[in-house]
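Participant: For this one, chain Z is given, so just place chains U, W and P on it according to the hints.
Protein chains: 4
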Amino acid sequence: MSYNLLKGKRGIIFGALDPNSIAWITAERVHEEGGTFVLSNAPIAMRMGQIDELAKKTGSQVIAADATSEEDLENLVKQSMEILGGKLDFVLHSIGMSINVRKGRAYTDQKYDWTQKGTDVSAMSFHKVMQTLYKHDAMNEWGSIVALTYMAAQRVFPDYNDMADNKAYLESIARSFGYFFGRDKNVRVNTISQSPTPTTAGKGVKGFDGFISYAEKMSPLGNATAADCADYTVSLFSDLTRKVTMQNLFHDGGFSNTGVSQEVIEYFSK
Amino acid sequence: MSYNLLKGKRGIIFGALDPNSIAWITAERVHEEGGTFVLSNAPIAMRMGQIDELAKKTGSQVIAADATSEEDLENLVKQSMEILGGKLDFVLHSIGMSINVRKGRAYTDQKYDWTQKGTDVSAMSFHKVMQTLYKHDAMNEWGSIVALTYMAAQRVFPDYNDMADNKAYLESIARSFGYFFGRDKNVRVNTISQSPTPTTAGKGVKGFDGFISYAEKMSPLGNATAADCADYTVSLFSDLTRKVTMQNLFHDGGFSNTGVSQEVIEYFSK
Amino acid sequence: MSYNLLKGKRGIIFGALDPNSIAWITAERVHEEGGTFVLSNAPIAMRMGQIDELAKKTGSQVIAADATSEEDLENLVKQSMEILGGKLDFVLHSIGMSINVRKGRAYTDQKYDWTQKGTDVSAMSFHKVMQTLYKHDAMNEWGSIVALTYMAAQRVFPDYNDMADNKAYLESIARSFGYFFGRDKNVRVNTISQSPTPTTAGKGVKGFDGFISYAEKMSPLGNATAADCADYTVSLFSDLTRKVTMQNLFHDGGFSNTGVSQEVIEYFSK
Amino acid sequence: MSYNLLKGKRGIIFGALDPNSIAWITAERVHEEGGTFVLSNAPIAMRMGQIDELAKKTGSQVIAADATSEEDLENLVKQSMEILGGKLDFVLHSIGMSINVRKGRAYTDQKYDWTQKGTDVSAMSFHKVMQTLYKHDAMNEWGSIVALTYMAAQRVFPDYNDMADNKAYLESIARSFGYFFGRDKNVRVNTISQSPTPTTAGKGVKGFDGFISYAEKMSPLGNATAADCADYTVSLFSDLTRKVTMQNLFHDGGFSNTGVSQEVIEYFSK
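Residue numbers (the numbering used here), protein chains in the order written: chain Z, 1 to 270; chain U, 271 to 540; chain W, 541 to 810; chain P, 811 to 1080.
With the rest of the complex left out, here is chain Z (with noise of 0.2 Å):
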């Protein structure tokens, strides 16, 4: 189903890496709405992933860029702006790594090398973008900026580890700069706290399944799915939301207000 929502915008979506990514069924969901985009991603991931396909099903050019370099985002956002004819409309940012999870070290036993590039890739990438961004004046009037988040932020989940303070770290930067891009330009950015989702890089967290079963159980609605995030973003893209900015958005079936729900507090009860 289309309505249109998006005819005639431009924009960048980073992240997409295969059909799992919910910056993936994004593309595919903002290609329906009528809008055109470059897709992003690290030259390491774009080897390993399959957004070539992604390119052609919505007929998108692909850039790679490292998100930590500003030297790509400055290529990135150049280019992208040549190849859409104008300035940009939305961007998505759907980045995210941690090494100390991949490698299964504990949040008391940090090894802080890779703290530090978790942080730079995950959250200090997004304040990079939205610097080239502004910069070079790059996105139009009642533009629409968002990231992808996880409720990690506020409430600790054990096993997200350092994520968790990437994610807070990343929420605050839409903050701050979403004053300065409100103020300067008539820019929005806000940040969608989605769901745990079964993506390709969601499913390697350590205790996946039983997490995401719990927080269906805990969800009066279920949990929100990837095209579920993708409806939601477009609709943060769209001219309908254009005064809402610096704003964490709990895109969560209703998780991140419930206490306890019957069917969890029945574990509890015998």
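No lab work stands behind these hints: they were computed from the structure.
Some hints could be false.
As the list claims (entries may be wrong) - Distance condition first, Cα-Cα at most 27 Å in a straight line; then the derived DSSO-like pairs of lysine-lysine:
#, chain 1, residue 1, chain 2, residue 2
1, Z, Lys-185, P, Lys-1016
2, P, Lys-945, Z, Lys-206
3, Z, Lys-57, Z, Lys-78
4, W, Lys-627, W, Lys-547
5, W, Lys-651, U, Lys-348
6, P, Lys-927, Z, Lys-103
7, Z, Lys-78, P, Lys-921
8, P, Lys-995, Z, Lys-103
9, U, Lys-357, U, Lys-373
10, Z, Lys-111, P, Lys-945
11, Z, Lys-135, P, Lys-927
12, U, Lys-381, W, Lys-675
13, U, Lys-455, W, Lys-547
14, Z, Lys-135, P, Lys-888
15, U, Lys-381, W, Lys-725
16, Z, Lys-7, U, Lys-277
17, W, Lys-651, U, Lys-387
18, W, Lys-657, W, Lys-597
19, U, Lys-476, W, Lys-725
20, P, Lys-921, Z, Lys-111
21, P, Lys-888, P, Lys-995
22, Z, Lys-87, Z, Lys-185
23, W, Lys-675, U, Lys-476
24, U, Lys-373, W, Lys-675
25, P, Lys-945, Z, Lys-103
26, W, Lys-675, W, Lys-627
27, W, Lys-675, W, Lys-657
28, U, Lys-277, U, Lys-357
29, U, Lys-476, U, Lys-277
30, W, Lys-627, U, Lys-381
31, P, Lys-995, Z, Lys-111
32, U, Lys-405, W, Lys-596
33, Z, Lys-135, P, Lys-995
34, U, Lys-381, W, Lys-618
35, U, Lys-381, W, Lys-651
36, Z, Lys-203, Z, Lys-57
37, Z, Lys-117, Z, Lys-185
38, P, Lys-817, P, Lys-888
39, Z, Lys-185, P, Lys-913
40, W, Lys-657, U, Lys-381
Facilitator: Just chains U, W and P now, kept in the frame of chain Z:
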């Protein structure tokens, strides 16, 4: 501009008093997007207002209902389903009133009969509306219920008086009922925390002009207008936001997450 | 152990029913710390309770007051100042009651007379207490007013029913009145959001055993007990916390910021 | 005035630069309450500061440590236990620094080497301190760890620049590590979100005078001073607050929950 986002959807819109009302402008916008609805207001508000004009414009019927009366609400819900030809997909609650505010009673000198009346009209009415919908199984799956609120529920705005507590109560009702409406009927319930808006009701609050000017200066994107709010409500009624529930959503140009703006701080820096 | 933290301080403690009550244990603790106070409870609760025993133990007088009656509260405040020999330094509000809970009415099937009565007793009473204190200028500068609340005000705990909304209302009243009491009298107002506690009232809630066991497993430090709460309340009545105001303070062993614990997630991981 | 609240308790206090420092005044206050401690600061800060004077006054030893160096922290923790004669009961982290702020770089024009350095010093250092304490099992059961933060972590204060994001990161680390420190060692971890305070560091921030005057006018009880903060920290180190953990505690005279004050709104009402 119309996207047909609400084509085939039916609902009830409470609280359209005159063309400055958020509910009025939302009704027009919902109509543009293809939604059909019944308009409802308190009998007394209907006598003062111009709601028939709106009804004509949007091809709607008007049913008077005192939102504190279970009987009136039952009648309204039943009739609405008959008129519209089926269960409902959306409901907007835009109802609020404080006698203490109207009569200029200080927050520290409440007349409690008035306080209780304000709570009943402004907050408990939302529970009554939802309980009536729930009991009559009047909402379609994936329907959306929205109430309008204000940030005084979180932080003190001295002139907002006992309406602040009413709004906190209202937001809690949204969460609480949202849990049950989600779990049992797959219906979502949210509140929009809107910028101060120069409606007929809003303008009646003491010191409103100073306040709206302050809010404008504090909001990186400026205050959200009633028309902006109508757009945002449409997005929340649409199928793009089906997993957003039990949330209080700030729609305020960034006010809520701005500690102080450059423009405001300059007043205090000699 | 006593530190003399409340030496010379006078107050009123509401809601001591029996030795399981948080208010009861707090009264004992305040007495140890050198505070003097009047005990107050509803006439009916006093007949059922053993408050005279507590009064004897702490050298206190008991004054019956219906906390929904402005007249009773006025009498209580005046008499307390006479008995104690001066203005007050601290007040504890530990009052709550829901007839819907008691009678087993579902949240989606409220009897609104009962709901309104619960709101009056559980939340509005706090406004009435403060308005009486404010009007009679009964608080010393840098005095401290505390009410007990529960996290259901922020997140849904299905069995907590309409008490959730009452607590949200109560917390809002604390903020709102806290502004005026702070500005005009340098008095602070806060709420303590306490772990589920096996008081006589608490144990009456359906499913309480399962719930307290879940909360224990979710809290890194375990549930806060009534004795812990008494200690914390003493810190808030003392001069060590004079600039803390309008806050809702979680006292729960970390429950509120734990998304899920290792212990709980194991139930969902086969 | 002393209550002997910290008699027999041992700890480490980071960040006492000069008599305006919150850490300095807290050290004096902790000493009054019977606590013993080691003072620590960065080597460079120690050369500039007057920490020896404080050491003499409080009978403390000083150990230089770069809080970003795991080796320095390990040495500090081990030596502190030797000097103080046992495990620790309290730790104060009052460390923060942004080169972007110092050099006047706008938030939208960050030099990322500086940003990364600021994050390491201001936030990651807190993780390193806790990881060192945790690994060496250096905290007694029911010990208390506190870090100082600022509300820019939640809302934007434009001149606070990248320190806002550092503080958000710091607060997340407090929650995350608080979970593990609580679960494994019964140690609590909290942050105090303090009013703007005219320390030597604070006064260096651009526009600080205007800002502190605005905050004073917005806070019903006025800004919390460094002495107030010392008192509050003592309460958090004491046994009265043993079940408070993973919290960010606003200590600000009510600023955080004041939407606007009467005094401030008057500037906008002519």
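Participant: For each hint, tell me whether it holds in the structure or not.
Facilitator: Checked hints:
Pair hint Lys-185 of chain Z plus Lys-1016 of chain P holds up; C-alpha atoms about 23 Å apart against a cutoff of 27 Å. Using a Cα cut-off of 27 Å, the hinted pair Lys-945 of chain P and Lys-206 of chain Z holds, with the two alpha carbons roughly 23 Å apart. About 23 Å separates the Cα atoms of Lys-57 of chain Z and Lys-78 of chain Z, which keeps this hinted pair within 27 Å; it holds. With a C-alpha separation of about 14 Å, the suggested pairing of Lys-627 of chain W with Lys-547 of chain W holds against the 27 Å cut-off.
For a cut-off of 27 Å, the pair hint linking Lys-651 of chain W to Lys-348 of chain U stands: about 20 Å separates their Cα positions. Among the hinted pairs, Lys-927 of chain P with Lys-103 of chain Z is consistent with the structure: their alpha-carbon atoms are about 25 Å apart, no more than 27 Å. Pair hint Lys-78 of chain Z plus Lys-921 of chain P holds up; C-alpha atoms about 20 Å apart against a cutoff of 27 Å. Between Lys-995 of chain P and Lys-103 of chain Z, the direct Cα distance comes to roughly 25 Å. Compliance with the 27 Å bound is thereby established for this hinted pair.
As the CA atoms of Lys-357 of chain U and Lys-373 of chain U are separated by approximately 40 Å, the hinted pair breaks the 27 Å bound. Using a Cα cut-off of 27 Å, the hinted pair Lys-111 of chain Z and Lys-945 of chain P holds, with the two alpha carbons roughly 13 Å apart. Of the pairs offered as hints, the one joining Lys-135 of chain Z and Lys-927 of chain P holds, with about 23 Å between alpha carbons and a cut-off of 27 Å not exceeded. The suggested pairing of Lys-381 of chain U with Lys-675 of chain W holds, with an alpha-carbon distance near 13 Å, which does not exceed 27 Å.
This hinted pair does not check out: Lys-455 of chain U and Lys-547 of chain W have alpha carbons roughly 56 Å apart, beyond 27 Å. The straight-line distance between the Cα atoms of Lys-135 of chain Z and Lys-888 of chain P is roughly 48 Å, outside the 27 Å bound, and the hint therefore fails. Distance check on the hinted pair: Lys-381 of chain U and Lys-725 of chain W sit about 21 Å apart at the alpha-carbon level, within 27 Å; holds. Restraint check for Lys-7 of chain Z and Lys-277 of chain U: satisfied, since their Cα atoms lie roughly 19 Å apart, inside the 27 Å limit.
For the proposed pair Lys-651 of chain W and Lys-387 of chain U, the alpha carbon gap of about 17 Å is at most 27 Å, so the pair holds. Distance check on the hinted pair: Lys-657 of chain W and Lys-597 of chain W sit about 33 Å apart at the alpha-carbon level, beyond 27 Å; violated. Taking the CA atoms of Lys-476 of chain U and Lys-725 of chain W, the gap is about 23 Å. The hint holds against a cut of 27 Å. Of the supplied pair hints, the one linking Lys-921 of chain P and Lys-111 of chain Z holds, its CA atoms being roughly 25 Å apart against a limit of 27 Å.
For the hint linking Lys-888 of chain P to Lys-995 of chain P, the alpha-carbon distance of about 18 Å falls within 27 Å, and the restraint holds. Of the pairs offered as hints, the one joining Lys-87 of chain Z and Lys-185 of chain Z holds, with about 12 Å between alpha carbons and a cut-off of 27 Å not exceeded. A distance of roughly 23 Å separates the Cα atoms of Lys-675 of chain W and Lys-476 of chain U; the hinted pair therefore holds under the 27 Å criterion. Restraint check for Lys-373 of chain U and Lys-675 of chain W: the C-alpha separation of about 19 Å stays at or below 27 Å, so the hint holds.
For the hint linking Lys-945 of chain P to Lys-103 of chain Z, the alpha-carbon distance of about 19 Å falls within 27 Å, and the restraint holds. Our distance criterion of 27 Å between C-alpha atoms is met by Lys-675 of chain W and Lys-627 of chain W, whose separation comes to about 13 Å. Note on Lys-675 of chain W and Lys-657 of chain W: the hinted pairing holds, with a Cα-Cα distance of about 25 Å set against a maximum of 27 Å. At most 27 Å may separate the alpha-carbon atoms for a hinted pair to count; Lys-277 of chain U and Lys-357 of chain U meet this at roughly 14 Å.
Distance restraint check for Lys-476 of chain U and Lys-277 of chain U: the Cα-Cα separation of roughly 41 Å exceeds the 27 Å cut-off, and the hinted pair is therefore not satisfied. Among the hinted pairs, Lys-627 of chain W with Lys-381 of chain U is consistent with the structure: their alpha-carbon atoms are about 25 Å apart, no more than 27 Å. Proposed proximity of Lys-995 of chain P and Lys-111 of chain Z is supported: the alpha carbons are some 21 Å apart, at most 27 Å. A hinted pair counts as satisfied when its Cα atoms are at most 27 Å apart, and Lys-405 of chain U with Lys-596 of chain W does not qualify at roughly 52 Å.
Straight-line distance between C-alpha atoms of Lys-135 of chain Z and Lys-995 of chain P comes to about 48 Å, which puts the hinted pair past the 27 Å bound. Simply put, Lys-381 of chain U and Lys-618 of chain W have alpha-carbon atoms about 20 Å apart, close enough for the 27 Å limit, and the pair holds. A C-alpha spacing of about 25 Å is found between Lys-381 of chain U and Lys-651 of chain W, which places the hinted pair at or below 27 Å, so the restraint holds. With a C-alpha separation of about 25 Å, the suggested pairing of Lys-203 of chain Z with Lys-57 of chain Z holds against the 27 Å cut-off.
Between Lys-117 of chain Z and Lys-185 of chain Z the CA atoms are separated by roughly 31 Å; this puts the pair beyond 27 Å, and the hint is violated. Restraint check for Lys-817 of chain P and Lys-888 of chain P: the C-alpha separation of about 22 Å stays at or below 27 Å, so the hint holds. Using a Cα cut-off of 27 Å, the hinted pair Lys-185 of chain Z and Lys-913 of chain P holds, with the two alpha carbons roughly 25 Å apart. Between Lys-657 of chain W and Lys-381 of chain U the CA atoms are separated by roughly 17 Å; this keeps the pair inside 27 Å, and the hint holds.
Violated hints, in rising order: 9, 13, 14, 18, 29, 32, 33, 37; the structure is consistent with all others.
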